[in-house]
Every structure is written in structure tokens, then in C-alpha cells.
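Make the complex out of the two chains shown on their own, each in a separate frame, by following the hints.
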Amino acid sequence: MPEREELTTDQQIRRRTIKSFAWFGLASLVPVGFWKYVSSQPKEGSIPAPLRAILNSNEQVANMYFSNQHLAPTFALDEAAKNVRINGREGLRSPLDQATWQLQIQQPGRDNLTLSLDDVKTLPKFDLIFDFKCVEGWSQVQHWGGARLADLITHYKLGTRTGQPATGEADYFNYLGMETPDKGYYVGLDIASAMHPQALLAYEMNGEPLADLHGAPLRLIIPVKYGVKNLKRIGTMTFADERPRDFWAERGYDYHVGL
Amino acid sequence: MKRIIENKHPLAIRWFHWVNFPVLTVMIWSGLLIYWAYHPYKIQVGSFTLITFFPDWFFKGLHMKQRLAEGMSWHFALMWLFTINGILYVGYTLISGEWRYLFPKRGSFKEAWQVVLHDLGIRKGPLPVEKYNAAQRIAYSSIIVMGVGSLLTGLAIYKPTQFSWLTTLLGGYEIARLLHFALTIGYVLFFVVHIAQVVKAGWNNFRSMITGFDVVDEKV
Numbered sequence: 001m002p003e004r005e006e007l008t009t010d011q012q013i014r015r016r017t018i019k020s021f022a023w024f025g026l027a028s029l030v031p032v033g034f035w036k037y038v039s040s041q042p043k044e045g046s047i048p049a050p051l052r053a054i055l056n057s058n059e060q061v062a063n064m065y066f067s068n069q070h071l072a073p074t075f076a077l078d079e080a081a082k083n084v085r086i087n088g089r090e091g092l093r094s095p096l097d098q099a100t101w102q103l104q105i106q107q108p109g110r111d112n113l114t115l116s117l118d119d120v121k122t123l124p125k126f127d128l129i130f131d132f133k134c135v136e137g138w139s140q141v142q143h144w145g146g147a148r149l150a151d152l153i154t155h156y157k158l159g160t161r162t163g164q165p166a167t168g169e170a171d172y173f174n175y176l177g178m179e180t181p182d183k184g185y186y187v188g189l190d191i192a193s194a195m196h197p198q199a200l201l202a203y204e205m206n207g208e209p210l211a212d213l214h215g216a217p218l219r220l221i222i223p224v225k226y227g228v229k230n231l232k233r234i235g236t237m238t239f240a241d242e243r244p245r246d247f248w249a250e251r252g253y254d255y256h257v258g259l
Numbered sequence: 001m002k003r004i005i006e007n008k009h010p011l012a013i014r015w016f017h018w019v020n021f022p023v024l025t026v027m028i029w030s031g032l033l034i035y036w037a038y039h040p041y042k043i044q045v046g047s048f049t050l051i052t053f054f055p056d057w058f059f060k061g062l063h064m065k066q067r068l069a070e071g072m073s074w075h076f077a078l079m080w081l082f083t084i085n086g087i088l089y090v091g092y093t094l095i096s097g098e099w100r101y102l103f104p105k106r107g108s109f110k111e112a113w114q115v116v117l118h119d120l121g122i123r124k125g126p127l128p129v130e131k132y133n134a135a136q137r138i139a140y141s142s143i144i145v146m147g148v149g150s151l152l153t154g155l156a157i158y159k160p161t162q163f164s165w166l167t168t169l170l171g172g173y174e175i176a177r178l179l180h181f182a183l184t185i186g187y188v189l190f191f192v193v194h195i196a197q198v199v200k201a202g203w204n205n206f207r208s209m210i211t212g213f214d215v216v217d218e219k220v
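Heads up: the protein sequence lines correspond to chains A and B, in order.
Going by my numbering, the first residue of the first sequence is number 1, and it counts up by one from there.
Going by my numbering, the first residue of the second sequence is number 1, and it counts up by one from there.
If you are wondering where the hints come from, they were derived from the structure by calculation, not from laboratory data.
No false leads were slipped in.
Distance windows between CB atoms, simulated:
#, chain 1, residue 1, chain 2, residue 2, range
1, A, 165, B, 80, 38 to 48 Å
2, A, 90, B, 44, 27 to 37 Å
3, A, 213, B, 80, 35 to 45 Å
4, A, 62, B, 174, 19 to 29 Å
5, A, 184, B, 44, 32 to 42 Å
6, B, 87, A, 62, 18 to 28 Å
7, A, 77, B, 47, 29 to 39 Å
Cβ atoms here follow ideal geometry from the backbone N, Cα and C, with glycine treated the same way.
Excised from the complex, chain B in its bound form (with noise of 0.2 Å):
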């Protein structure tokens, strides 16, 4: 039997998520093209270069160049979208007591484990059943401590002087556009985790972002 769950995704959960889409798309592509116009970082073991941040295929491909006045302008318009839908959000979980649901438990980080283990196909046998696993709890969790991050960082270079206890204080003028720069590598690799974690969900935990409810299969 099947049966319909309701409500598994608030309404104003599921516009938060969603509005983050545009927003997010346009920030790192604008990002990108103010990134180009000085693009020093690099991970290196001694003297081997790992990866370059971008090789110029990857610039070419995305036809970037010379492009930081367009970047400038839509990365400092979008600003005020995240910024004003990342409050909303974190207000609307709180107030709404979601947050019970969204923040780490006590045993948590000991527990991420054990999801992490499962969803690699190492451990056998059944997760305990909540809305959010552990590791979910901590991945939700962290994305919000890296949007405030975003938006800290983001503020401290962007008016260096005006706020320059906030730039001094995340390590100066250059490790802030590092920080800035790191934590967006890290949406991206959060967005590749979330997108083959959703395909490998399915159907009915995809629909629920868009609908609301889920629906569950009932031994009768």
C-alpha cells in the first residue's frame, strides 16, 4: 500500500533550496570571471604542481577572457539575492524548529561515519531512520558555516578599508580572496556529492524537493 507523507519538505524550504540554484549558478560563473583577471592558486606537492587553478583550456572553453567588468557587475548584484535568501533560510529554520532535523546531534560525527561506510557499499545493513542521516545533518550544517564564510570573506575583500578589522582579522587581504576563492572549490564538490547522492536516492526523495511530500511503500 502506498501512502502519502505530507509536508516532508516545507514549502519555504523547498523555495529557499531552489533560489539558491540561479543564484549560485550565476555567482560562481561571475565569480570565475573576476577569478581570471588574476588567477595565482595552485595546490603543489614540492615542486610537482597538482592542479592549476584553471588550466587555460578551462577558460577558453567558458570564452572568459577579459570579461572581469561584466563578472564584477553581476557578482555584486546576485550578492544581495544570497545573501538576503541565506537569512531567510537560517531565520525560517529556526524559527520553524527544522533546525532540530538539520544540525548535528551529539553523536553525529561518530555516526557520519557509519553513513559514509554504507553509502560506499563497505558496511552492510540498514542506517537508523531519521530525515537527515548524520552525515546529511553535517554536510546541511557545514553549507551554511561555509555561505557565512562566503559572505565574511566575500565582505572583507571587497571593501578592504571600510572593514578592515574584518579583513585583518580572517588573515589579511590575500588569504581572505583565498578563503573566498577555497570555499567556493567547496560548493562545488558539495554540489557533486548532493547531485550523485539525489540520483542515488531516486524518484520519490527528488520529487519531495519539488512537491512536498513523499510517499512511502506500507507492508500490509
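Excised from the complex, chain A in its bound form (with noise of 0.2 Å):
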């Protein structure tokens, strides 16, 4: 095109600049456009479904990592917290009656098992003294007993979808959740991590019996989670290849919070 020859480098300046900051602000449009998307999509357990969807694609990439070698860090007994915090009263509001709590643990295609407390500390007892994570952004070193979950599981040969003693993972349902026993708090754990070594059935605390608060008389202690995943006082136990249902993934945080 002989005209353009032609431009004077004003001309041309000018053109480039008009050029490239007409692009420039088509370009922006993208992330408005990807905000405003996002954010009206239907929501998913309280967040927009694309945002779920990322979450639960960040759990497969942390399951590629995950291994039950990789221990929280412990710490020495007088690091452990005297006034350990409190920060949850779900599934709490009711009485406790001591005498007449269970464990019932429920299985598809078997029938439920009904432990005591007494059966649970039969299991060999482990003292866990690591810092605690909440959501939130705190933690707290804490010194926690009681029996592994992974014990259980094994010794009473729970969790197989044939009912026999585990041969390897694939074995296990995908899923354990668990409820208070007034069903108003519950979370659920993908199976592996409820296998972790550290993972405990606590039944005390600081060398003591679980006061009420703290979830008596037995509670969830699983260092690979926030504490949101920390069951106090647990009424049941259920296994199933469906992810059982959350409290706090209902009300928009990612299912798995694995740490």
C-alpha cells in the first residue's frame, strides 16, 4: 500500500498507539468477563460451581502427593497448650449422656456395629502432641490420646466393600463420615487420609478425660486436616463410596482442606 509508505512517523505513532491500546482494552474485558462468569454461575455447596470444581481438581492434585510417610510435625510435652481453644459448638448443643453414648459404626450391605468406649481403649493408646490448624489461620500445639482410627478399621476389619480383612487400599469404600449423635455437626474423609498414622479416635486430652467442649467422650483428631474436619463427641461412623455429607463444604469450603 503506497499511502502507508507515506505515514509520517506522527502518523504512524499515533495509528500503533490507537491500535494496540484498542486491544489492550478488549484484552481486559477477559478477566471482567471471567469475574462476572464465575460469579453467576449456580452455586455448589454455597460457592459458584466453577469454583467447586477447581477445589475438588486441587484435591486430585494433592492426592498425587499425599502418602501416609508424610507425618505432622511433633512436638515436645511442655510445648502443648494448657487452655486449649475452643471454637465450635456444633453438634454439642444437646446433653451428653455419658452412660448411654455408643459408637455405632454403619456399612453398606453389612450390619452396624455398636462399640463402647471401653472397647475403643482396648485398641493400643497414642499420645499425639502436634500443632492443631484451624481454617481460620490459627493453630495451637495440643496434646491429644486415644486409639488410632486406622486400628479400629483394621481390627474390626471395617471399611472393605467384601467384609474380609483389607488385601490393599482399592479394598476400602472411598469414604468414612461421621456424625454427632444429635446430627448436627458431621464431616466426611476421603478414606486415605482417614487411614493416616496420626489419625485418632481421642479420648483424652492433656493426659485427662475429654471434658464436654473439648467432645467428649470421643472425638476425631486428624493432623492432615483443619480442625473444621475434627469431629467432636462421634455418634456414627459410615462408610460409603459416596462423599458423605459435610457441614462447613455445605456452607462454601472445599470438602477435602487437606493439610
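Next comes the structure, spelled out in C-alpha cells:
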């Protein structure tokens, strides 16, 4: 185009500037559009479905690296907090009857199993002093004692689809759900996290039986998860292949919340 | 006579630069939503509190109460873009050779003082002509180190059990969270200085970050 060659430098600057800024303006619509699109999508567990999908993919990525060999750091006894923080009362609003409390275990296609606190206490006891982490961002070194959840599962041959002792990880149901006796609080755990060697069914804190607001008589302590999954006053445990309902996942949080 | 200098900022670098703008905006905003759920940081001199991060009016003004879940979901989505954009930028500067203009040279740390004095109007006389001066080299390299720092401290508090070695290496969970926060304050301070410098440098300089070309006035 001959005319084009005759453009003065000023004209060239002007044309190229306008063209670049037009592209820049168009490109800047992409993030704005992305934001508006995501925010306007139907909600899934109180957050827009695309964000929920990303959180679920993050879980897949995290599982590629997850290992039962990766342990939460542990601390010396004198580093444990004497005044252990209480952050949630969901599921504890009704009074507890220690005398009638039992642990109900449900598995698809099999009879329910009912255990007493003494049954749990016959399993080897472990003490764990670790940095408990709340999803809010605070953390506290705490001292808990109890039986390993993995020991309970293997000892009572729980959680396998066959009903026989597990020959490998694939034999287990995908999830373990836990609920308080009043169903006021409930969590779902992937089976790999439930089998983590630091996951405890705790009945002691700082060497004493649990206080009510710390989850008496039996609570979950699971260092591979944020505090929200550390359900207090366990009433029922249910194995399932579908995700059990989860109190905070229904309220916009990631289901996995793996640490 | 005006003359166009082509390719002052390669297209790739302009993309990496501008992608950061919306990504960091959302990361800092969602990070604030997360921080608000537990916001203990302050700077104290003796018993006198100099700065609180942050006063109530700050959070109230941004309507931030109890949106932790929203903050986490955006933060853990956009973290991928932040990471990918950062890796591409560093990879590009290394392969293209652009790093030669960006990395501090032997004399840069000494020269940077001259730049600061010059910009504050204390030192008279022109600075040596370079694509990026000593202070810019230090600033633009530091921001990359900070980006890597955000990524590592972020990972340390995101998966403190799986990456416990990293969390421990960074001084533990609470220190890593503090560092992650402090780095963000660093970005905001960088941004303020960056904007001031862009305003000071003028239209030609700003335009070159969008168009790629620069214009010089040459005396005939």
C-alpha cells in the first residue's frame, strides 16, 4: 500500500498507539468477563460451581502427593497448650448422656456394629502432640491421646466392600462419614486420610478424659485436615463410596481441606 | 525529529506483566478475606502500637466480614495462574536473554543509591543511560524473588503436613504465614512506588508497556 509508506512518524505513532490500546482494552475485558461469568454461575455448596470444580481438582492434585509417610511434626510435652482453644459448639448443643453413649458403625450391606468407649480403649493408645490448625488461620500445639482410627478399622475389619480384611487400599470404601449423636455436625473423610497413622479417636486431652466442649467422650483428631474435620462427640461412623455430607463444605468451604 | 524504537518491551513480557494485574488483584483481595478470619499482626515499638493489620474500619470499608470460604476458593483457584504466569515469565527472560537487562550487575547496589538520590531530587545531573537503571534492576529482580517466596510460603501453609519439611525450613507454620503476609505488604509497597515512577516517567514510558515501541526525540 503506497499511502502507508507516506505516513509521517507522528501518524505512525498515532495509529499504532490507537491499535495497541484497542487490543489492550479488549484483552482487559477477559478478566472482567471471567469474574462475572464465575460469580454468576449456579452455586454448589454455597460457592459458584466453577470454583467448586477447581477445589475438587486441587484435591486430585494433592492426592498425587499425599502419603501416609508424610507426618505432621510433633512437639515436646511441655510445649502443649494448657488452655486448649474451643472454637465450635455445633453438634454439642444437646446434653450428653455419657452412660448411654455408644459408637455406631455403619457399612453398606452389613450389620451395624456398636462399640463402647471401653472397646475403643482396648486398642493400643497413642499420644500425639502436634500443631492443631484451624481453617481460620490460627494454630495451637495440643496434646491428645487415643486409639488410631486405622487400628479400629483393621481390628474390626471395617470399611471393606467385601467385609473381609483389606488386601490393599482399593478394597476400602472411598469415604468415611462421621456425625454427632444429634446430627448437628457432620464431616466426610477420604479413606486415605482416615487411614493416616496420626488420625486418632481421642478420648484424652492433656492426659485427662475429654471435657464436654472438647468432644467427650470420643472425638476425631486428624492432623492431615483442618480443625473443621476434627469432629467432636462422635455418634456414628458410616463408610460409603459417595461423599458423605459435610457441614462446612455445605457452607462454601473446600470438601477436602487436606493439610 | 521523532524516531520509533521497535520492541522496547517484547510482546511476551507485556503479557506476563499485565496478566499479573488482575491475578494479583484477586490474590490480594482473597488473601485479605482469608487473613481477616484471624488477623493478629501489628507493628509495635515497645508497648506502643505503630500499625495494626488492619483496623476495623479498613475491613468494614471493604465489607469483608465472614467471607473466608469465598476468599479461600478464589485464592486456591487463582494460585495456579499466578504460578504459571510466574514460571513463564522467568523462563522467557532466561531463554530470550532479557534477563541481562533485568538482573543486577556488579555495580548495581552502589548505583541504586544514586538513582534514589536522583529521583528524590537530591542528586543533580543525568543518570547513565540504560534500559533499566540499577534501582530498577534490583526492584524487578526482587519482585521475582518475592514471587517465589509467596509461592513457597503459600505452599508451606497450604499443605503443612504433606510439605512439613518446607514448613519447618521456613520457620514453622506461624512464621510461614507471617512471611506470606509480609510479602503481600511488600507487593503493595512495590505497587505504590511503581505507579509513582510510571507517573513520573511520563506518557512515552507508559505507552511502551502497552504498544511495545518507544519514541525518542532526536535533535537533528
